[in-house]
Every structure is written in C-alpha cells, then in structure tokens.
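Novice: In case you want the letters, here they are:
There are 2 protein chains.
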Amino acid sequence: MSDKVTIYDIAKTLNITAATVSRALNNNPKISEATRLLVLETAAKMNYKQNKLAQSLRSGKSHNVGVIVPRIDSNFFASVIRGIEEELRPVGYHVIITQTNEDEVRQSENITALLNAQVDGILMSISNVSEANDHVINNVVKQNVPLIFFDRKKEMPGVSSVTINDFEAGYLATKNLIEQGCKRIAHLTGDLSLEIFINRKKGYQKALLDNDLVFNEDYVLQTKSSVDAGRQAVQRLLGLNTPPDGIFSSSDFAALGAIQELRERGIKIPKDVCVFGFGNEPFTRFMELSISSVDQSPLEMGRMAAKVFLEQINNTSKVKIEKKVVLNPELQIRKSSTRI
Amino acid sequence: MSDKVTIYDIAKTLNITAATVSRALNNNPKISEATRLLVLETAAKMNYKQNKLAQSLRSGKSHNVGVIVPRIDSNFFASVIRGIEEELRPVGYHVIITQTNEDEVRQSENITALLNAQVDGILMSISNVSEANDHVINNVVKQNVPLIFFDRKKEMPGVSSVTINDFEAGYLATKNLIEQGCKRIAHLTGDLSLEIFINRKKGYQKALLDNDLVFNEDYVLQTKSSVDAGRQAVQRLLGLNTPPDGIFSSSDFAALGAIQELRERGIKIPKDVCVFGFGNEPFTRFMELSISSVDQSPLEMGRMAAKVFLEQINNTSKVKIEKKVVLNPELQIRKSSTRI
Numbered sequence: 001m002s003d004k005v006t007i008y009d010i011a012k013t014l015n016i017t018a019a020t021v022s023r024a025l026n027n028n029p030k031i032s033e034a035t036r037l038l039v040l041e042t043a044a045k046m047n048y049k050q051n052k053l054a055q056s057l058r059s060g061k062s063h064n065v066g067v068i069v070p071r072i073d074s075n076f077f078a079s080v081i082r083g084i085e086e087e088l089r090p091v092g093y094h095v096i097i098t099q100t101n102e103d104e105v106r107q108s109e110n111i112t113a114l115l116n117a118q119v120d121g122i123l124m125s126i127s128n129v130s131e132a133n134d135h136v137i138n139n140v141v142k143q144n145v146p147l148i149f150f151d152r153k154k155e156m157p158g159v160s161s162v163t164i165n166d167f168e169a170g171y172l173a174t175k176n177l178i179e180q181g182c183k184r185i186a187h188l189t190g191d192l193s194l195e196i197f198i199n200r201k202k203g204y205q206k207a208l209l210d211n212d213l214v215f216n217e218d219y220v221l222q223t224k225s226s227v228d229a230g231r232q233a234v235q236r237l238l239g240l241n242t243p244p245d246g247i248f249s250s251s252d253f254a255a256l257g258a259i260q261e262l263r264e265r266g267i268k269i270p271k272d273v274c275v276f277g278f279g280n281e282p283f284t285r286f287m288e289l290s291i292s293s294v295d296q297s298p299l300e301m302g303r304m305a306a307k308v309f310l311e312q313i314n315n316t317s318k319v320k321i322e323k324k325v326v327l328n329p330e331l332q333i334r335k336s337s338t339r340i
Numbered sequence: 001m002s003d004k005v006t007i008y009d010i011a012k013t014l015n016i017t018a019a020t021v022s023r024a025l026n027n028n029p030k031i032s033e034a035t036r037l038l039v040l041e042t043a044a045k046m047n048y049k050q051n052k053l054a055q056s057l058r059s060g061k062s063h064n065v066g067v068i069v070p071r072i073d074s075n076f077f078a079s080v081i082r083g084i085e086e087e088l089r090p091v092g093y094h095v096i097i098t099q100t101n102e103d104e105v106r107q108s109e110n111i112t113a114l115l116n117a118q119v120d121g122i123l124m125s126i127s128n129v130s131e132a133n134d135h136v137i138n139n140v141v142k143q144n145v146p147l148i149f150f151d152r153k154k155e156m157p158g159v160s161s162v163t164i165n166d167f168e169a170g171y172l173a174t175k176n177l178i179e180q181g182c183k184r185i186a187h188l189t190g191d192l193s194l195e196i197f198i199n200r201k202k203g204y205q206k207a208l209l210d211n212d213l214v215f216n217e218d219y220v221l222q223t224k225s226s227v228d229a230g231r232q233a234v235q236r237l238l239g240l241n242t243p244p245d246g247i248f249s250s251s252d253f254a255a256l257g258a259i260q261e262l263r264e265r266g267i268k269i270p271k272d273v274c275v276f277g278f279g280n281e282p283f284t285r286f287m288e289l290s291i292s293s294v295d296q297s298p299l300e301m302g303r304m305a306a307k308v309f310l311e312q313i314n315n316t317s318k319v320k321i322e323k324k325v326v327l328n329p330e331l332q333i334r335k336s337s338t339r340i
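As given, the protein sequences belong to chains A and B, one line each in that order.
Taking UniProt numbering, the leading residue of the first sequence gets 1, the next gets one more, and so forth.
Taking UniProt numbering, the leading residue of the second sequence gets 1, the next gets one more, and so forth.
Don't take every hint at face value.
Which copy is meant is left open, because identical chains are indistinguishable; a pair holds if it fits in one copy or across any two.
[Unchecked claim] List of simulated lysine-lysine pairs, DSS-like, C-alpha gap at most 30 Å: (1) Lys202 - Lys45; (2) Lys12 - Lys61; (3) Lys318 - Lys45; (4) Lys224 - Lys335; (5) Lys320 - Lys335; (6) Lys183 - Lys61; (7) Lys142 - Lys45; (8) Lys45 - Lys30; (9) Lys206 - Lys224; (10) Lys268 - Lys335; (11) Lys61 - Lys268; (12) Lys323 - Lys154; (13) Lys318 - Lys12.
I should point out that these hints are in silico values taken from the structure, not numbers from a laboratory.
All chains, full assembly: derive it from the sequences and hints.
Specialist: In structure tokens, the structure reads:
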C-alpha cells in the first residue's frame, strides 16, 4: 500500500496551513479563488484522495449508525436489524453491524471499532451485564454519541431502551402450558445476569404461584441458546425422580433440542410433555410438529429503536432524552403445546 | 449535540498550526516537551476528545474490515462471516457487516459507507452483476483497498475471489436425483445474471445430458430464495402437462416452500417427487422430513477469504496478488431425496 497523501503534505508543499488546504478543498468561501485552484491543482498532482470521512470528522456526521448484536444468525436479531434499516435508510443513514458472540471482550472491541468508524449512534443488545464493559459503554455516553439498547438492556443513566415485556411473556407462556394440563413445568433459562432472562423466569414463577403449582428449583436449568444445550437439559430433567410434563424454554433453539431429545426417547409431544419456545424463529413454524413460541415483534422493536435514535440525534435542546419503550409480547400457540 | 472541538480550534487558540497540535497529541519527538504539555493542557481545558480515527487517517490503518452480504439472516452468510471473524480477530482486525437485501443501490451505498468508515479492506458477496455498480467497485480497487469476493463474484481485474465449484454442485445434486429414479427433474434457479446460478444450472444440464435425459426449458424456473417463491414455483410446475418427479432447488428456502406445497397437495416426498436443496441451512436437518442439500463449507470459505485479505494487506511488493480459490461442494443426502 502506498503512503497516503494528506492535507499536511499539501500544506507543506505550498507553505500554507493545513486548515487553509482543508478549507480550499471544501470550497470554503473564506478562501480566495486563486488559493482554491492552487490547492486543487497541487492535490491532483500529488494524487491526493479527498477523504469523505475527514470531512465528516469536521461536520460531526458520518451518517453511519452502528448496531451491535450477540449474533447475526438468529432470525430475531436479523429482523430487528431489518426494522432499524427500514427506518433509517430513507433518512440517509447506513447501518453497519457487528456481532459479539456473547463475548464481553468482543463487545467492548466492537464499541471501540464503531466509535473509530465515526458512527453517529450505537444501537445495541448487550451480551452480558458484567461491569467490565461499563467504562466502554459510559465512554459512548460521554462522547455524546446516542446509545440505545434493544431487547437486552442494562440500567444506565442517559441510555434509552426498547424492550418487550419479558415478565408478561414468561407469565403467558407458562399459563398456556398450565391450561393444557401441565403440572410440573420446567424452565430453560439463559444467562441470569441479563434482565430478559430474570424477567421471563419471574413471569414463569408468578404463573405457577397464581395457579397453585409448586416452584421446584430443580426444574430451572440455565441453558445456552443452542440445540445441543436443549438436548442436554432434557437429559438432566429426565434423570429427576419426577420428570417434568411441560417445558418453557427461553430459547427456540433450546426448545428444538429438547423436542428432538424427547422424541428420540419415545416421549410424545404434546401428549406426554408440552414444549413452549421463545423468539418465534422461522423454523418453529416450518416443523411438521410446529413449536409454540413467543413473538417479540422484532421489526417493530428495530423501528422503535431507530426512531429513538433519530429523536436523540435531532435533539438540539440541552435536555437529554431518555426513553424506555416496552412492547407487548404475543404468543404463537402451535402443535408442541396444544393438547386440547 | 455540542460542537466537537477539533485540532484546528486548539491550533487557533494557541496560534500554532494544526499539524503541530496533531504531532504534539501523537507524541511526535519533533515537538518540544514544552509545546507538547501546552497542547495537552489546552486540549484538556477545551474538552478535546482525541479521535483514534483521525490517527488512523494518518497511519492508513483502521483495523476495521468491512463485509457486505446480500442478507445476514441466512445461515450460509452468517457462517462465512464467522469464518472471517475467526481468522481476522486473532490478528487484531474487527469485522463490520452491512447487508444489501439484494439491492444494487444499497450495495453501492454500503461500499461507500464502509470506505467512509475507513475500512482496511472489503470482503463481499455481490448482490448482482449489473454494471451500475462497476464504478463504485472499481473505486475500491483504485483506492488500493483490498477487495475480495466470496461466493458470488464478478470477474474484475485485481479482485480475488473465494467460491465453491457450483457447476460440480449442480451436477452432483442432479446426479443424485437421477440415481434415485427421477426422470423429469425441474430446477429452481436464482438470478441468472449471477455466476453461481449460471454454473449450478450448467451442472444440472450436464448431468441430464450425461444420463440421456431430455432438458426441458419449462422445468427451469427463476425463483427467489424464499419459502413463498418455492411454493409458487411448485404451483406452476404442477400446472404442466407432465409435472416433474424431482426438483433441484438452488435455495434451501425455496426447497422448503416446494416441499410444503407438494405435501399440502397430497404429493408424497420422496416417493412421488424427490427434492434437493442448496446451502445446508440448519432447518434442512431439523425437519422430520430432512431435506437433502449442498454444503458450501461456509466457515472454510470465510477463513479463506480472510486469509487472502491478509496476504494482500501485508503485501509490500509492487506485485498485486490476485487469487481465485475454488472450494469443493459436499452433498448432504437426507430423506427428501432418498427413495432407495
């Protein structure tokens, strides 16, 4: 790669200041026509490539917006991103995406990479709430770069969020299983440092309580959002003295693994065990034994997050906007939980 | 949002050049200690935030690499991106992703957005080969930003590519259907301006020819990569006087739609019609009636594309590297095409 010619090089050649070169290149009216032409000619001779980003450094706008998600290979996050793009593209913003693979070090690297790419804002679903990343996240807020959490959030001053009512979702899914006759309902939860999983679990517990069912800690398994993890969870549950007759999984992928494992062992779904997933991934409706799931309105979530960003970026007042938008979940009741 | 303090503002305050401010902030040894301290103090007082990107503009390295894909909600592209990340992250590069939704205008916008974000290279799977984008793509090459195509490529001087042997893939999938007794094999193809779809179709035709089967143009339908498009294609095929007894789809999503439509009409798979997909999306193996598909080694493809990028970025010679890597496809033969 050849060395890039900078405005400093042009300035040196012409014995003028870099600021003058910059103004000339940007057609600033303060610069005389003679100087402007001289700078343009010299820049052309030196093979200088004007850098739009350098311009944006001065204007303070790159029109790039960064999105950080735990993973892109989930229909949920892909749909949120589609919602964000649908809202931002018509007003001239481009969306650039990074994924963390649920790794907090990568999350912090991604934030830095996006800030270095001069994004005008960051919309993110956090991978975990360990305090290790707090200073990096705070750094975004301090730099006055609008930051909006979606789905997975953390309580931080100055940060808006768009989430669904996960408590309600957990409550309704569990209630559905109870109505189908399940008495011993297991719950596959996620990383319990994240609010979404805490709230889904609370909803699950409240539904048990409201229906006079006993909460059994053995029935709650922290499970990764993968098919294999769902299989392993079922193996453990079936090893209990009284295995469950219903499973509410906080992940569709784990629900699918659970179903595969149950069926391989000759356990009938929904007759012996009802299963309810979360996320409404497309495969849940593609299966011959379609999987009940919670829809999180990802498109709507993305659009709302984008709207909150636009409000913030266009906010010229000194008053900071901090919004908490909570969307309602919707049950998609399918074969895997329908006995009646 | 408050106006950003720039090095120009600091220079003006101190009545020195912006270049001096920049050198002082970057601890350039040419700057005296007194000046350095003065600049640092003034910068701190003025609440100046040093911009790493501004630094990278000078060093010519942002350590961000841009990836452009038609869509992120496909396991294939998500896996390629994972491969790219696995190779690049250990050597200090961050991957930022954009999607085009198969739209050439967005593709061009994405290239510009990534160049503006100062990426050190672009790895892309093109959305179509219309010439409208040629100047934007050429612009990348001209700016000496390494550009690598993966999966969907276009022949352009100076651009390397990593693809699979799509002809071979089409040939082998069709051959499998013939071996299972199919005599009238339809082909759901994609955008025939793209090499990958041309080559898959050529492989399909060659397999028919080698096995003395007649090529029937009515059996080739240009079909979008979606479940609905697959359903519609089957509706058209079943309207023919002699409907097909085998379908080779260039898309797993279209294959799934085809299967759903066939089954709803009481047509048995694989007995009446065998179906072969392409891409090895996870749902193809999750289904009770698992779907045969072509695996494209996406992780390996991503890793190779990243390696080619690293070779180019680290190439200090004047000789340009132009590599064409072709990976072998692998059939995943499952229930949807297995009669025997």
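Novice: So, for every hint listed, does it hold in this structure?
Specialist: Verification of the hints:
| no. | hint | verdict |
| --- | --- | --- |
| 1 | Lys202 - Lys45 | neither (68 Å within a copy, 49 Å between copies) |
| 2 | Lys12 - Lys61 | both (28 Å within a copy, 23 Å between copies) |
| 3 | Lys318 - Lys45 | between (46 Å within a copy, 21 Å between copies) |
| 4 | Lys224 - Lys335 | both (24 Å within a copy, 29 Å between copies) |
| 5 | Lys320 - Lys335 | neither (47 Å within a copy, 58 Å between copies) |
| 6 | Lys183 - Lys61 | neither (57 Å within a copy, 60 Å between copies) |
| 7 | Lys142 - Lys45 | between (41 Å within a copy, 16 Å between copies) |
| 8 | Lys45 - Lys30 | both (24 Å within a copy, 28 Å between copies) |
| 9 | Lys206 - Lys224 | within (23 Å within a copy, 45 Å between copies) |
| 10 | Lys268 - Lys335 | both (12 Å within a copy, 22 Å between copies) |
| 11 | Lys61 - Lys268 | neither (58 Å within a copy, 58 Å between copies) |
| 12 | Lys323 - Lys154 | within (13 Å within a copy, 46 Å between copies) |
| 13 | Lys318 - Lys12 | between (41 Å within a copy, 27 Å between copies) |
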